[in-house]
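Number of protein chains: 2
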Amino acid sequence: MTQRQVTAGIDIGGTNTVFGLVDEAGEILHADFVQTKDFPNPQDLIGVVAEKILAALGNNLELLGAGIGAPNGNFYNGTIEFAPNLKWNGIIPVASLFGAKLKCKSILTNDANAAAIGEMVFGAARGMKNFLFVTLGTGLGCGIIVNGELLYGHDGFAGELGHVIVFANGRPCGCSRKGCLETYCSATGIVTTYISFFKENTFSEQIIDAKFIYEKALQGEEEAINAFNYTGEILGLALANSVAYTSPEAIFLFGGLALAKDFIFKPTRESFENNLLNIYKNKIQILPSQLKENSAAILGASSLVWKNLKKNN
Amino acid sequence: MTQRQVTAGIDIGGTNTVFGLVDEAGEILHADFVQTKDFPNPQDLIGVVAEKILAALGNNLELLGAGIGAPNGNFYNGTIEFAPNLKWNGIIPVASLFGAKLKCKSILTNDANAAAIGEMVFGAARGMKNFLFVTLGTGLGCGIIVNGELLYGHDGFAGELGHVIVFANGRPCGCSRKGCLETYCSATGIVTTYISFFKENTFSEQIIDAKFIYEKALQGEEEAINAFNYTGEILGLALANSVAYTSPEAIFLFGGLALAKDFIFKPTRESFENNLLNIYKNKIQILPSQLKENSAAILGASSLVWKNLKKNN
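Chains as they are written, first to last, in our numbering: chain D, 1 to 313; chain H, 1 to 313.
Be careful, since some hints might not be right.
Where chains are identical, the list cannot tell them apart; a pair therefore holds if satisfied intra-copy or between any two copies.
To be verified - Taking lysine-lysine and the BS3-like style, the derived pairs with C-alpha atoms no more than 30 angstroms apart in a straight line are: (1) K283 <-> K87; (2) K281 <-> K87; (3) K266 <-> K178; (4) K283 <-> K178; (5) K129 <-> K311.
Note that these hints are calculated values from the structure, not bench results.
Please construct the entire structure, taking both the sequences and the accompanying hints into account.
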């Protein structure tokens, strides 16, 4: 009997580590997760996840490789380096540890880069050679595709769009600087904006998140709509500036904020076109990602291997 | 007798079109120029320049190809498109016209891109794979090298760093928008800054340019020194933001402003380091270009062909 070929997609997040087996068409044949915080030692997590992956393969599936997405993932070294959202210290050679346990090629990159490749292999960017992929979650992540390849730069850390400073002395950022784009344009940033529109903070007992603000906007609440407009205006300008660097064909938005559809896309596109240099006007689309929230992490990570296999054929 | 192999470097500028023959080591064997404005019809200019190049070849030199640098040059199409500083209208197929006259391969790109490749082939970026090359002349031009190749993007117009908006509603720019980086950080931008430091504009009869301000700074004039500091502060922040996109190994500064040495490099480097994200700190050098002002245009344009020949070997 011929074995069906799959790759493993592993996404290491601050809360959960999700993983699964994915075939060439992007079908997820198996998915599972562990809680990252249960593993103070990264080697233990890698051991347990690898065991579960090997068990899921059974006799029917052939593992061609493992792709790993992780915060502060360094593609060149296959390491996670000083990730602020993980409890692990220092530099961890995650790719080689997984490779040894799974006995296959392992590729690691940061989570936004993995999602960008996922969009290219399985999503709306199929056939595109130059695009930007922007995740609007807790922070703002970004993967830049140039000539069909991820832009890694000299040290593997290119594409930190979330930490472009948009206002000198602006909002304090987790990176210890001020005015970074992600303090305004992210699921967290819009909450700050929204709350600032109220004279008194009466929300102390409610959970305010991007979804809450989206629902208020649907109800027609002015502050909620204005929070999206303000966020879109800043995001549109930042994306227009991004175009001047890499001249992409399209920009994909993914994550919590992108789920607010026109509330965020309309002001973003308006500000984007208004701020674009003439030579770029009316030719770059800002589109929603076609990766689904719940499968994007596994698909993105697994696509690292599928992309690599296709390149070598 | 064996012929010595050369490539032609042709730089089409608003005032002059300079051209020359360059050997593999970067030696300019012949150089000449015509005044661009003498040729209302671009085909006439191309005819005259090609004739002069063919005459200079004589029997001793073998022409391997022609590289052309030009404002608004489009690499993908080999065209000059709607260049505001040239009198020629519309889209002109300059590369194919030169190719037909010179009977050789012709490659065209914009002038800053050509200079970036010149730095990589003949200058201080030899051996580097990821760097930014910034020209601080009348405007601010930029060539971005990623993985040893110029970043062109989807339409060939990547690298327009001069038109990143640094202040919403800032200084009016020639591109019809406001607050573009080049309105602050260029030989023209620093003049605006310098004059703004004086309550009364008593300079109407003097020519104020970057060189004038440099000389005043050398004499210890506070306004001149402050003009460099102000320019460097904005440039340093903009370059720190650039790093977040492409994560380069080094950034080279070229052109009128860069000649002011420490007056511009010191405040630029200071602001750059202060504004860099932690992961990039203390590892990216800001360096003066090693291309000489008077030969850079020819070397840059000719390097397009030398780079191409090396890639194909």
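Structure-based check of all given hints:
Taking the closest pair of Cα atoms, K283 and K87 come within 30 angstroms of each other only across two copies (26 angstroms); inside a single copy the shortest separation is 43 angstroms, beyond that limit. Taking the shortest Cα distances, K281 and K87 sit within 30 angstroms of each other only across copies (23 angstroms), while inside one copy they are farther apart (44 angstroms). In the homo-oligomer, the alpha carbons of K266 and K178 lie at most 30 angstroms apart both inside one protomer (27 angstroms) and across protomers (23 angstroms), since each shortest distance falls under that limit. For the identical chains of this complex, K283 and K178 are inter-copy neighbours only, at 21 angstroms across copies versus 33 angstroms inside a copy, given an alpha-carbon limit of 30 angstroms.
In this assembly of identical chains, K129 and K311 lie within 30 angstroms of each other by CA distance both inside one copy and across copies; the values are 13 angstroms within and 21 angstroms between.
Violated hints: none; the structure is consistent with every hint.
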